[in-house]
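J.: Protein chains in written order, with this note's numbering: chain A, 372 to 670; chain B, 6 to 308.
Be careful, since some hints might not be right.
Unchecked claim - Here are the simulated distance ranges between beta carbons:
1. Gln267/B with Ile641/A: 54 to 60 Å
2. Ile72/B with Met432/A: 43 to 49 Å
3. His635/A with Pro55/B: 54 to 60 Å
4. Lys549/A with Asn218/B: 36 to 42 Å
To be verified - Not close to chain B: a few residues of chain A, all C-beta gaps over 10 Å, as computed:
5. Asn424
6. Cys439
7. Pro557
8. Pro561
9. Glu647
FYI, nobody ran anything at the bench for these hints, they're computed from the structure.
Virtual Cβ for every residue (Gly too), placed ideally from N, Cα, C.
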Amino acid sequence: MRGFSFSRLMLWVGFAFIYLPMLILVIYSFNGSRLVTVWGGWSVKWYVGLLDNTQLMNAVMRSLEIACYTAIAAVILGTLAAFVLTRVTRFKGRTMFGGLVTAPLVMPEVITGLSLLLLFVAMAQLIGWPAERGILTIWIAHTTFCTAYVSVVVSSRLRELDLSIEEAAMDLGAKPLKVFFLITIPMIAPSLAAGGMMSFALSLDDLVLASFVSGPGSTTLPMEVFSAVRLGVKPEINAIASLILLSVSLMTFIIWFFARRAEHRRKKAIQQAMEETTGIREQQGPDSRRDPSQVHATA
Amino acid sequence: MNISRSISRRMPKGRHFVIGVPFVWLFMFFLLPFIIVLKISFAEADVAIPPYTEIYAWAEQQLSIVINLSNYIFLSEDDLYLAAYLGSLQMAFFSTLLCLLIGYPMAYAIARADKDMQMVFLLLIMMPTWTAILIRVYAWMGILSSNGLLNSFLLSIGLIDDPIRILNTNVAVYIGIVYSYLPFMVLPLYANLVKHDQSLLEAAADLGSSTYNSFWKITVPLSKNGIIAGCMLVFIPVVGEFVIPELLGGPETLMIGKVLWQEFFNNRDWPVASALAVVMLAILIIPIILFNRNQAKEMEGRA
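With the rest of the complex left out, here is chain A (with noise of 0.2 Å):
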């Protein structure tokens, strides 16, 4: 098949044009010269003045705080507006409701950033509140566009839910909000974990939504990181960097160990209850029809 051949060609391409840069940069983090383009051997003193800079390190605290605020209400709100979107067919405004969630996964953040800046200055002046902008409007703002994602992330997951178990626990009397906790959550918890992860990445990495709505003395990581990228290719930079790839890629890792893990359980479970009921109940669903396209990847 020559069309499978050459998109396999163009993935591995695709890789490399994606991860070279990003290796290049680790490597050269390690440059003992200050020149960023002369190889002067070995060194890991950026890193080590890395933690001299205070600075730096306050703006890498308070980022820290902010996602990991983030990423608790953008869950809490992801998965609410996901179960609305997945499970509540109709009400009034449905339409505006959908917008308004999928909406903020493509608007460009210059605008939402603006808006959302005028929108607390606008506050500020008629009630008094937010009496000045700084860690809680940055976390308002990232909160907003990461609900976004959360919820694509877990109305995936609850789409692909078997409602019956649902039904059962309801059908036995268990009251709505009973079943959510105790059925609903369970079942989704690493499309959960995995919204919140996402969460945490995205309001660590957001330049241009906290340099709105940032006020004196809130700068985060990001705003550092671009106010010294701006003067050019420094080494301290190439530091810095490597380390925030370097705790991405773990943590990476470890949602794939954990994911990998689970689905183990989960054909395991599956496999012991078929046999158990032998003859009752069969496998049905995509898993199935997928399997002439794993014949085809393998042959």
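For chain A, the structure is supplied; the task is to place chain B on it using the hints.
T.: Below, chain B without anything else, positioned relative to chain A:
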């Protein structure tokens, strides 16, 4: 009265709560701000805190609303703004096309890989989106600069005699945008392609259709929704992109996100920045509605 009890006893209340909380939040912090932007785009810049005039006044039992169109007239009279809008649209169009051309084969390959590898490939695609766009763009600054790695490499193999200028040109901006937005093209395409029923292709092959023919007649039309989602996820944000043109672009790079940023932060002209945002939104409203419709279909799972 116990709140949780009343929620569980009477479902409509719980339903209102579930719908209401995200709705109020998004209304407050996503929709309402646009109305304020629209309002301030009709105001005049002022040396005050905040730096604009109020558009309505209540005096002698008369409510006077002054709609000041001078910001919009100013935008239409200065060629810079028109050029910036056109520049942004052109940049967004061609980078979306490039992302589609590179991303489609990648998504196709992932969707046809075996299940365990799919997971690994997907994470490899997703990981960069969790890394600051700033850092990914910064990595290219070191590579593309005139004494950077790419030029040293080209010089050493003798392909060029003098370093070529790539950083601070539109070429660098294209590279940066395609690099940063490629995952957003691949992910929705993959999500679509992986659902395709393989038996359709087999049936076509049995009936004598070539692989090439089946690809264009079956796979591509079936992946229409994925293509729309991917293209919109790239096109719309790129129109307003600020970080990439600021760091990789040069004087020739005119993009509206950068112009808006300068009006706001450097000139402190909030009304003109608001007017720029309103016009940008007006340009993007059709693609955004298209995206939302498509997304709504996906979210409901076309039950």
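J.: Give a verdict on every hint.
T.: Now for the hints, and whether the structure bears them out:
Range check, Gln267/B to Ile641/A: Cβ separation about 58 Å, and the 54 to 60 Å hint holds. Taken as a hint, the range 43 to 49 Å holds for the pair Ile72/B and Met432/A, whose Cβ atoms sit roughly 46 Å apart. Separated by about 57 Å at the C-beta atoms, His635/A and Pro55/B satisfy the suggested range of 54 to 60 Å. Checked against the hint of 36 to 42 Å, the C-beta distance between Lys549/A and Asn218/B comes to roughly 55 Å, which is inconsistent with it.
The beta carbon of Asn424/A is kept farther than 10 Å from every beta carbon of chain B, the shortest such distance being approximately 17 Å. Consistency note on Cys439/A: stated as away from chain B, and its beta-carbon is indeed over 10 Å from all of that chain's, at 16 Å minimum. Distance check for Pro557/A against chain B: the nearest CB is about 18 Å away, which clears 10 Å, and the non-interface claim stands. Distance check for Pro561/A against chain B: the nearest CB is about 12 Å away, which clears 10 Å, and the non-interface claim stands.
No beta-carbon of chain B comes within 10 Å of the beta-carbon of Glu647/A; the shortest separation is about 25 Å.
In this structure, only the earlier hint numbered 4 is contradicted, and the remaining ones agree with it.
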